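Turn these sequences into a full structure, and let the hints steer you where they fit.
Those protein sequences? They're chains A and B, same order as listed. Letter by letter, the first sequence follows residues 2 to 120 of the working numbering. Letter by letter, the second sequence follows residues 251 to 380 of the working numbering.
Calculated directly from the structure, the hints in this document are not laboratory data. Please note that a few of the clues may not be correct.
Derived CB-CB ranges, DEER-like [said to hold, decoys possible]:
1. B:Asn320 - A:Ala52: 42 to 52 Å
2. B:Ala354 - A:Ser93: 47 to 57 Å
3. B:Gln304 - A:Ala55: 38 to 48 Å
4. B:Pro348 - A:Glu92: 49 to 59 Å
5. B:Gln370 - A:Leu28: 15 to 25 Å
6. A:Ala16 - B:Tyr345: 20 to 30 Å
7. B:Asp372 - A:Ala65: 31 to 41 Å
8. B:Ala278 - A:Ser94: 44 to 54 Å
9. B:Ala278 - A:Asp62: 41 to 51 Å
10. B:Pro348 - A:Ala55: 29 to 39 Å
11. A:Ser94 - B:Pro264: 30 to 40 Å
12. A:Arg88 - B:Gly280: 40 to 50 Å
Some chain A residues close to chain B (C-beta under 8 Å, calculated; not the full set) [said to hold, decoys possible]:
13. Ala3
14. Arg4
15. Met6
16. Arg11
17. Gln12
18. Pro18
19. Ser19
20. Asp25
21. Gly30
22. Phe33
23. His116
Here the structure is a predicted model, which is why all the values come from computation and not from measurement. Just so you know, even glycine gets a beta-carbon here, dropped at the ideal spot from N, CA and C.
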Amino acid sequence: MARSMLIISRQAPWAGPSAREALDIVLAGGAFELPLGLLFLDDGVFQLTKAQQAASLEQKDLTANLQALPLFGIDSLFVARRSLAERNLDESSLALPVEILDDAGLSTLINRYDHVITI
Amino acid sequence: MKFVIALFAPPHSPAARRALRFAEAVLAGGHEIVRLFFYQDGVHSASANVVAAQDELDVAAEWSRFVSANQLDGVVCIAAGLRRGVLDAGEAQRYQRPAANLAAGWELSGLGQLHEAAQQADRLVCFGGQ
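Below is the structure:
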C-alpha cells in the first residue's frame, strides 16, 4: 500500500516562496496518485482567503491552483480552526472548501499519515 | 531502517549541520539512506560556490564529500535550485547563465524524486522546515 504524506503549509502567500513550494510538493505527489493531505496552519491560512491582490506584490495568486487541487485527485484539504480564529477569519473568509479541524482533530490528522512535511 | 533525509534550510543554519550529522549517524548506525533531498533554501548546501570562513565548518563542502564518499543518491530539487541559482552545466547552458555551481555528488531532479524515495523509506526526516 502506498505510504501517505501530510504537507503542512504554515507560511502566508506573501512571505516568500514557501506557500508555492508546499503546493508544488502536493501537486508532484498528486501526479503519482499518492494519498496526500494538505493542512493550512498558522499564517498558512492566509493562502485560503478570498480576493487576494498578489499582483500588487508582483507575484502570482495561488488561489486558482488551490481550487484546482480536487481536479488533481487531492481533496484532503484541512485548516486549523485556531489559526483562523487567531487571525479573525472564519469559514466565510475562505476561497475553497476545506475541512476545519480543532486542536484534537489536528492531532488525529497528523497521526494518520505515514510521513509529514512542514514548510 | 531506510531513511530519506530532506533539508529545507540554508547552509549557514544550524539545521544544515544537524542534518549532516544525522545523516552520518544513520550510516554509522548501519541504516540506509534511500535518498537525500534538498529543497527550498536547502539547495544552497549543494552549491560549490559557498565559502565558509576559515574557522567555520564548510557545511556545503562536507555534504559534497559525504555524498561522494558514500555514493549516496543526492537530489536537489530542480525548480527550487533554478529559483535560487543552483545550476548544473545543462541548466546553465539552457538558461544562458555564465556558470554551473552544482557541487560534485549532487543531481538536479524533480519533486517526484522526493515522493518516490518516501514510498521506499521507513522514515522521512526533515530538517529546517518552518
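Requested in this report: For the range 44 to 54 Å, tell me whether the beta carbons of Ala278 (chain B) and Ser94 (chain A) fit it or not.
Outcome: Since Ala278 (chain B) and Ser94 (chain A) have Cβ atoms about 50 Å apart, the given range 44 to 54 Å holds.
Query raised in the report: Between Arg88 (chain A) and Gly280 (chain B), does the beta-carbon spacing fit 40 to 50 Å?
Result: Holds, at about 47 Å.
Query raised in the report: CB of Asn320 (chain B) to CB of Ala52 (chain A), is that within 42 to 52 Å?
Result: At roughly 51 Å between Cβ atoms, Ala52 (chain A) and Asn320 (chain B) fall inside 42 to 52 Å, so the hint holds.
Report task. Using the beta carbons of Pro348 (chain B) and Ala55 (chain A), state whether their distance is inside 29 to 39 Å or not. Result -> holds (31 Å)
Query raised in the report: Is the distance from the Cβ of Ser94 (chain A) to the Cβ of Pro264 (chain B) consistent with 30 to 40 Å?
Result: holds (36 Å)
**Report entry** C-beta pair Gln304 (chain B), Ala55 (chain A): status relative to the range 38 to 48 Å that was hinted
**Finding:** At roughly 44 Å between Cβ atoms, Ala55 (chain A) and Gln304 (chain B) fall inside 38 to 48 Å, so the hint holds.
Query raised in the report: With 8 Å as the cut and Cβ atoms as the points, is Phe33 (chain A) at the interface with chain B?
Result: With a minimum Cβ separation of about 6 Å from chain B (threshold 8 Å), the hint on Phe33 (chain A) holds.
**Report entry** Status of the hint placing Gln12 (chain A) at chain B (closest C-beta pair under 8 Å)
**Finding:** Interface hint status for Gln12 (chain A): holds (6 Å vs cutoff 8 Å).
Query raised in the report: Is the shortest C-beta separation between Pro18 (chain A) and chain B less than 8 Å?
Result: holds (7 Å)
Report task. Identify whether the interface hint at His116 (chain A) stands, where standing means a beta carbon of chain B within less than 8 Å of its own. Result -> Where the cut-off is 8 Å and the nearest Cβ of chain B is about 4 Å from His116 (chain A), the hint holds.
Report task. Let me know if the C-beta of Gly30 (chain A) comes in closer than 8 Å to any C-beta of chain B, holds or violated. Result -> Holds, about 5 Å.
Query raised in the report: With a cut-off of 8 Å, does the beta carbon of Arg4 (chain A) approach a beta carbon of chain B closely enough for the hint to hold?
Result: This hint holds: Arg4 (chain A) lies near chain B, its Cβ roughly 6 Å from the closest one there, short of 8 Å.
In this structure, every one of the numbered hints holds.
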